[in-house]
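So the sequence lines, in the order shown, correspond to chains A and B. For the first sequence, my numbering gives the first residue as 1, with consecutive numbering after it. For the second sequence, my numbering gives the first residue as 1, with consecutive numbering after it.
Treat the hints loosely; a few may be bogus.
[Unchecked claim] Estimated spans, in silico, between C-beta atoms of each pair:
hint: 1; chain 1: B; residue 1: R80; chain 2: A; residue 2: S37; range: 31 to 39 angstroms
hint: 2; chain 1: A; residue 1: A19; chain 2: B; residue 2: E31; range: 32 to 40 angstroms
hint: 3; chain 1: B; residue 1: L23; chain 2: A; residue 2: A19; range: 25 to 33 angstroms
hint: 4; chain 1: B; residue 1: E31; chain 2: A; residue 2: L39; range: 22 to 30 angstroms
hint: 5; chain 1: A; residue 1: R6; chain 2: B; residue 2: L100; range: 45 to 53 angstroms
hint: 6; chain 1: B; residue 1: A86; chain 2: A; residue 2: D12; range: 18 to 26 angstroms
hint: 7; chain 1: B; residue 1: L37; chain 2: A; residue 2: R177; range: 15 to 23 angstroms
hint: 8; chain 1: A; residue 1: V191; chain 2: B; residue 2: V76; range: 43 to 51 angstroms
hint: 9; chain 1: A; residue 1: D12; chain 2: B; residue 2: A12; range: 31 to 39 angstroms
hint: 10; chain 1: A; residue 1: V10; chain 2: B; residue 2: W63; range: 47 to 55 angstroms
[To be verified] Which residues of chain A face chain B? A few of them, derived with a C-beta cut under 7 angstroms, are:
hint: 11; residue: A116
hint: 12; residue: F158
hint: 13; residue: A193
hint: 14; residue: V195
hint: 15; residue: P198
hint: 16; residue: L213
hint: 17; residue: L214
By construction, these hints were calculated from the structure, which means they are not laboratory data. Just so you know, these numbers come straight off a predicted model, no measurement behind them. Glycine included, C-beta positions come from ideal geometry on N, C-alpha and C.
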Amino acid sequence: MLEENRRGVVRDSLGVGVAVGAYGVAFGAASVAAGLSVLQTSLLSLLAFTGGTQFAVVGVVAGGGTLGTALSSGLLLGARNTLYAMRLAPTLQVGGLRRFAAAHGTIDESTAMAVARRDPAMSRLAFWWTFTSIYVCWNVTTLAGAVGAQALGDPAKFGLDAVVPAAFLALLAPRLRTGAAERRIAAGAAVIALVLIPLTPPGVPVLASTAALLLAGSLRSSASSLRARAGSPR
Amino acid sequence: MNLWVLVLATAAGCYLLKLAGYLVPARVLDEPRVRRLVELLPVALLAALVVVEALASGRHLQWDGPRLAGFAAGAVAVWRRAPFLAVVVIAAAVAALIRLAG
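Kindly produce the complete structure, drawing on both the sequences and the hints.
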């Protein structure tokens, strides 16, 4: 019975790993189209290893943004992994060198697969299998996409310019389905970015709309916690 | 822009952000406001990126027909809960075919 469970966890993790890892093709192609070399593209997948950040960085480069705006967009998006790590630390119980390996594998999918299991042993199994299978697939497909895009030439001819916004929307969609606050924040960010595109240098619209909404969100929540403390009705 | 600096700084920054989560005490997460803001951050960032990637060309708004049509087709696929790879293929195929025809 227990053996059966373990096999199920491994099978699910491998399935997620192959499915998610496959879209490294899209990243590899987008990155080369943005002007990065095949080596630079592969190093991002090997060393940064967090899809949303990688897409954001090459997206800003493709749009003609500066080093500062590309880096800050990427790191802002990568900051959610800090939260995942804090959530996983007590479950994984890693120390020493294994902690450094676990840190590298702390991304959306490995966290989701790990927290979906109640039994800590199964969580650990899911984390390591998901991490390993995504890592292998993501890096192989990144290289394939980068080499392929380089061989094919103009990325727009193959519709790759339409792929990047569609890929971001696909990453955003599950969060939009979780609540009305998420949908309001997304709509607000989209409008601010749209207004700022012709007014500010590339990269700034993304950072400014994120910062504005976080500020609005924190002001709102401090107002409501003040109300809660005063005990007044809404 | 020096792309090598960008690649290496992104790699180092992303790794340190992940590692930091294993080093800081978990108490920070007990503050619900912090947790909520970190949940909402990717929502704002991704929504802004969708708009910029679909409509911007440098500092200009560019209403590029094939790009927008491909994006719209991809958006329908997302709405129909198609798998990620299908979204990517549909968006690329529609944009490429319209460009080929035009």
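(message) Between the beta carbons of L37 (chain B) and R177 (chain A), is the distance compatible with 15 to 23 angstroms?
(response) At roughly 20 angstroms between Cβ atoms, R177 (chain A) and L37 (chain B) fall inside 15 to 23 angstroms, so the hint holds.
(request) May I ask you to test the interface hint for L214 (chain A) with respect to chain B, counting a Cβ-Cβ separation under 7 angstroms as satisfied? (result) Holds, about 6 angstroms.
(request) Verify the interface restraint on P198 (chain A): the C-beta must sit less than 7 angstroms from at least one C-beta of chain B. (result) holds, 6 angstroms
(request) Return holds or violated for the Cβ distance of V10 (chain A) and W63 (chain B) against the range 47 to 55 angstroms. (result) For W63 (chain B) against V10 (chain A), whose Cβ atoms are near 48 angstroms apart, the range 47 to 55 angstroms holds.
(request) Could you see if the CB distance from L23 (chain B) to A19 (chain A) stays within 25 to 33 angstroms? (result) holds, 31 angstroms
(request) May I ask you to test the interface hint for L213 (chain A) with respect to chain B, counting a Cβ-Cβ separation under 7 angstroms as satisfied? (result) holds, 4 angstroms
(request) Tell me if A193 (chain A) is really an interface residue toward chain B, meaning its C-beta lies closer than 7 angstroms to one of theirs. (result) Because about 4 angstroms separates A193 (chain A) from the closest Cβ in chain B, which is inside the 7 angstroms limit, the hint holds.
(message) Assuming the hint says 22 to 30 angstroms, is it satisfied by the Cβ distance from E31 (chain B) to L39 (chain A) or not?
(response) violated, 42 angstroms
(message) Under 7 angstroms is the threshold here; is the Cβ of F158 (chain A) close enough to any Cβ of chain B for the hint to stand?
(response) This hint holds: F158 (chain A) lies near chain B, its Cβ roughly 5 angstroms from the closest one there, short of 7 angstroms.
(request) Evaluate the given range 43 to 51 angstroms for the C-beta pair formed by V191 (chain A) and V76 (chain B). (result) violated, 22 angstroms
(message) Holds or violated: the 18 to 26 angstroms window for the beta-carbon distance between A86 (chain B) and D12 (chain A)?
(response) holds, 20 angstroms
(message) If I claimed the Cβ atoms of D12 (chain A) and A12 (chain B) lie 31 to 39 angstroms apart, would that claim hold in this structure?
(response) holds, 32 angstroms
Of the numbered hints stated above, those contradicted by the structure are hints 4, 8, 11 and 14, listed in ascending order.
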